[in-house]
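Required output: the full structure, derived from the provided sequences and hints.
Keeping their order, the protein sequence lines are chains A and B.
For what it's worth, the numbering used here labels the leading residue of the first sequence as 149, then goes sequentially.
For what it's worth, the numbering used here labels the leading residue of the second sequence as 149, then goes sequentially.
Quick caveat, the hints were computed from the structure, so don't treat them as lab data.
Any given hint could be a false lead.
The list makes no distinction among identical chains, and a pair is therefore deemed to hold if it is satisfied within one copy or across any two copies.
Claimed, not checked - Derived lysine-lysine pairs resembling DSS-like cross-links, with alpha carbons at most 25 Å apart:
id, residue 1, residue 2
1, Lys584, Lys671
2, Lys185, Lys239
3, Lys710, Lys699
4, Lys583, Lys298
5, Lys235, Lys185
6, Lys193, Lys699
7, Lys663, Lys583
8, Lys193, Lys223
9, Lys783, Lys699
10, Lys193, Lys298
Here is how the chains run, residue by residue.
2 protein chains.
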Amino acid sequence: MTRIRLILTFLLIGPTVPSAQTWIWYPGDFEISLANKVQNRRTEKGTFFPVFWKMDNHYVLMDFHKVFDLTKAEKVRIHVEGEYNVKLDGKPFEGSPSEIDVPAGRHKINIKVFNQAEVPAIFVSGQTIKSDNSWLVTFEDKEWIDETGKTSDISATRWLKAGTWNFNRPEDRPSRFMLPVKPMAPAKLERRANGWLADFGRETFGFVTLHGVKGSGRITVYYGESKEEALSDEHCETYDPLSVTNKRGEDMTMALSKAFRYVRVKQGPGVSVDSLSMRFEYADVKERGSFTCSDPEINRIYDVSRYTFHLNTREFFIDGIKRDRWVWSGDAYQSYLMNYYSYFDNATVERTMLALRGKDPVTAHINTIMDYTLYWFLGIYDYYLYTGDKRFIGQHYDRMRSLMDYVLSRRNHDGLLEWMPGDWIFIDWAAGLSKKGEVSFEQLLFARSLETMALCAEIAGDPTGADQYRYWNQEKQALVHSRVDGKQTDNVTRYANMFSIFFGYFNEEQRKAVKTSVLLNDKVQRITTPYMRFYELEALCALGEQSFVLKEMKDYWGGMLKLGATSFWEEYNPMKSGLDHYSMYGRTFGKSLCHAWGASPIYLLGKYYLGVRPLTAGYDTWIAEPSLGGLEWMKGKVPTPAGDIDMEVSRTRIRITGVTGTGILRFKSSMRPESTGGILEPKGGDLYEVKIKSGKTVDITYKSVL
Amino acid sequence: MTRIRLILTFLLIGPTVPSAQTWIWYPGDFEISLANKVQNRRTEKGTFFPVFWKMDNHYVLMDFHKVFDLTKAEKVRIHVEGEYNVKLDGKPFEGSPSEIDVPAGRHKINIKVFNQAEVPAIFVSGQTIKSDNSWLVTFEDKEWIDETGKTSDISATRWLKAGTWNFNRPEDRPSRFMLPVKPMAPAKLERRANGWLADFGRETFGFVTLHGVKGSGRITVYYGESKEEALSDEHCETYDPLSVTNKRGEDMTMALSKAFRYVRVKQGPGVSVDSLSMRFEYADVKERGSFTCSDPEINRIYDVSRYTFHLNTREFFIDGIKRDRWVWSGDAYQSYLMNYYSYFDNATVERTMLALRGKDPVTAHINTIMDYTLYWFLGIYDYYLYTGDKRFIGQHYDRMRSLMDYVLSRRNHDGLLEWMPGDWIFIDWAAGLSKKGEVSFEQLLFARSLETMALCAEIAGDPTGADQYRYWNQEKQALVHSRVDGKQTDNVTRYANMFSIFFGYFNEEQRKAVKTSVLLNDKVQRITTPYMRFYELEALCALGEQSFVLKEMKDYWGGMLKLGATSFWEEYNPMKSGLDHYSMYGRTFGKSLCHAWGASPIYLLGKYYLGVRPLTAGYDTWIAEPSLGGLEWMKGKVPTPAGDIDMEVSRTRIRITGVTGTGILRFKSSMRPESTGGILEPKGGDLYEVKIKSGKTVDITYKSVL
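Following this line, the structure appears as structure tokens:
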């Protein structure tokens, strides 16, 4: 990647761009603090329901600094969250000034902030002196004065580049951040004996407002993802019990936003409510990817996937909007991938990764789950591949390393990962799945995590680390292969085999064997969560089974739509019927009906049908291998750091517009194709390639091979 | 120590006693949070002046639990700082109940609390179910539900016994803790051209109140430890710049408490103040130790030491009340020792040690100073020796270990500590003191720290750790000796030699050689801080030089009194004169005139004149070796966990009352002494011993040997 390319990337990736002036903080601290707030908003049956792992906290005392060269004197406004002082070239201003005068010349500005309750943050705006992500921050500015009054400074203080987002005005204080809301009326509002039942038409999320509340007594607001849930006093998963006194027709808005399609208001004796509405709460992300095709059912699946994904894309990528409303690393990992084919919103990926990582010391796996720690590394790998953002890796390499140290400290005598007290080995919700011993699936993720660390060590300028991680990975891969092979005979699961396919750990022959003997073999335990279906279908796509996968998609996601789903579920088992679909974890309405991992068609359709993916970091080089999988035609966009790649594909025509780097269009044609805008390179047999230059459109006339 | 003894200890050590019901929290979190607040109250010339090292933060999400056996059902009141839920045998109550009903039988109560801004804390009061330090707490209650709805729990969650202090009523919320205050008028109030000058008669600390403020304009409140400082607009170290608008005779109390004897109020144009007073802010600790003798100057030195120490005993043991108002480990170490001869307040020692230790990961030495990390270990050693409190060691052994891991990771190739980037090697304020290479003083502290860790490892049930620490210590001591010897010829300082004396690292011959060739040798650089005089005089006392030390005390501390000191200083150099006494760090009034380390006569007089000290943990066995050092008589009390040892000593009589364990009175007499209440054991020459049983008084008639 050239220097020009890098600058271009920074200019286009949106929220991480250094803006003119913006609120800044210690990187990760805003994210950790926000995650604490967000994840503690869950309630279950009216009761506070927090996470069950360590939550970290921000650094309370922070030093920010930058050196500036001023050609002339300037006034600088300073806004701070916390108590603070300001120093110019080491000399403090009196008090906590909100404006300072800085004379011309080269000057160092330090702002030191203490804030116990919220993240220390600053916003500085002058002509030249502005706060942005080039400022340096530290939580341990070791300096002292000796007996002669001289200030000493030491080199060991670790300064990091500041963290930022899009708080670009003084009044956008990070501590006050809230997602935007907009008012929304129910699609249907039905009066009932002792209250109301509202149907908002589809799954949604927000703050319910009761209008015209009168009297004194108890009101209960029941939230249902299904009508049955909203109507069940006993089994409804989320409700707000309210006690009101002497109300004279005021509106009341609930303190917490909730997931629902249906809302039932139950009025106790002595109180009444005139009507209700909601404030829809959402993340203001822009849809960049798109997909439309000749099959209306697939289009509907794509749309409901997008909606499902949007509802679950919030302050962070969460698992589900009713439940758990938490940041789970395995779930988030899939959301990152979907994001690269929809919003391409780096800021949400970064925030989610930082929230998951937390702080040192590492005392447990992320979310307590071994696989989830490893997915975190995989997420970094993909983040770099899709965005080319080296800054994030440099900024957080220390945290990557200490997390990997934790993993490495838990290897068994053969260097493999095995359950230890405190670990949860999840893999998937699947009855009877063995998690004893050296589970091959975990070893695969481990190998890929070491590969990620080798890559990041190089980017962060740690060649010793890179060698070490590469060496461990080689050692491990050798072992993994033998163990995976060794185990195939006694306990064949789809999991390890699927991942071996994307990670390129199988040769062509093994790939084919796995396809028929495992993936397409009905005797091997079926996968019932969209979570693992994600990988299963991805593995099949990677093996060229787009037609099969398209049918599966229609069957599985289409199956949910036929049951009336307006968003995709945490789990779907076509064998179940009626209310049984809504139960999970032994609870009648335990299942989440809007789960991010249900939205994977976004990813599959973008990556394996439009077929676009980066070959090198940040789409510097990339490939498009369209595959109709039985469709008549499809068209859509795939976002990249520098804009959206546009494609239209039918059985006889391909039209593609490149926007970045160098792309390759690869396709099969049973006739000699023709190209406008690019030079056709026959690759033997029915395979052809065309180079796509940035900004160029290529039109191909061909005959598709099914 | 028998079981009975231990229980007795717990009942008497005051604040750490499990009370009937008290607020509880994660041990260390309240202390860290309070230290953050307290240490960020410093201002210098009107500007916020925080510390320059890492400050830690509390855990935001906490799970508290205990199992109770109830013979009958009971109501339980619950008070919480934070959002919370309550579970009985794993089943949550709806909402956040302030009262629950618990049926008869065996039950587990869990309370889970989230609080970002303040330390999660609970107060539970029922007939049987009460919150106290036997509850268990964890910040990572790893548990999860599997797909069948079953809750799994894992063994690796680390539960600690809860932290407590004396917040024994629901309204005593830990987050609202403030030291008590009482109103105090100035001794002299003098009207000046543009305001007032108040003299409070002696050094003091508190919130100044301006009475009858009228008009609009600027008022500045200057604080002076000396009159000259209060009168200096330019060099006054602390002042409050105020802007007032439209005041009509109201009182105004300053937001922060300050150190001063003199307060000058300067009224700008348009404003006036009628008078002023203060609210004295103090720690409510009880003086238990005492000392009076035939020399009025020594009595005055003792009294001013006590006052100095009381002013610096606050939320924590701080260094000085004007400056830095911070918790410095080397300073605190001396305060712990003074405390054992005055308040015997374990709670303040524990709080201070916890605040200093902070949390993992360790990224720098305590206060960034190598010696200060090592003093922290020495403080633990003494704490155990004086109090016998094993609970504290058990509770915090993990933090001791990780701090020692940090130290061990910074050894050089010879296993010795040497300056590394980020380290400050303090030792003392002394011009030209070499801190290069393997400074012998640091090695001595290191050896003692390893000895402490070996002891704590045994108490905490970690025999492997104990062996390891003991082995390293032996290795180190061998090295230390050779290096110390090796260096004596080129750079003789008092420091390492002094410490080798108390640590017992010298034989009798070496001790004598050091006494004459170093300690009593005027050619070796003099010590000018009371900080190091503490150890110097202690070493001389340990060598039996009480008469010499008494003269030094009168000379040095008496010298400050002659200059009008009402509290003892950070530094005193008899060679200086006039205003020069007040300057330090290149600033006219930079010196603190009330510094805890100035109060060491409290310790010296108790430990080396009354001569009482524990021989085994918690005064289970102890010794009294009174030494008049030239005084006619002395009397006083030395506190122990079980009460105060009372002594009266003249040149012909000794009267001592034991209150705990088994004591030995050891003294020299030039005639055959007589004893009432205990059996005399001649020990050869003029040496005699008498065993002192708990609760018994022994009277000796003898003739003292000077």
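Consistency of the hints with the structure:
| no. | hint | result |
| --- | --- | --- |
| 1 | Lys584 <-> Lys671 | within (22 Å within a copy, 73 Å between copies) |
| 2 | Lys185 <-> Lys239 | between (37 Å within a copy, 24 Å between copies) |
| 3 | Lys710 <-> Lys699 | within (15 Å within a copy, 98 Å between copies) |
| 4 | Lys583 <-> Lys298 | between (61 Å within a copy, 17 Å between copies) |
| 5 | Lys235 <-> Lys185 | between (33 Å within a copy, 22 Å between copies) |
| 6 | Lys193 <-> Lys699 | neither (39 Å within a copy, 75 Å between copies) |
| 7 | Lys663 <-> Lys583 | within (23 Å within a copy, 69 Å between copies) |
| 8 | Lys193 <-> Lys223 | between (54 Å within a copy, 23 Å between copies) |
| 9 | Lys783 <-> Lys699 | within (19 Å within a copy, 97 Å between copies) |
| 10 | Lys193 <-> Lys298 | between (61 Å within a copy, 18 Å between copies) |
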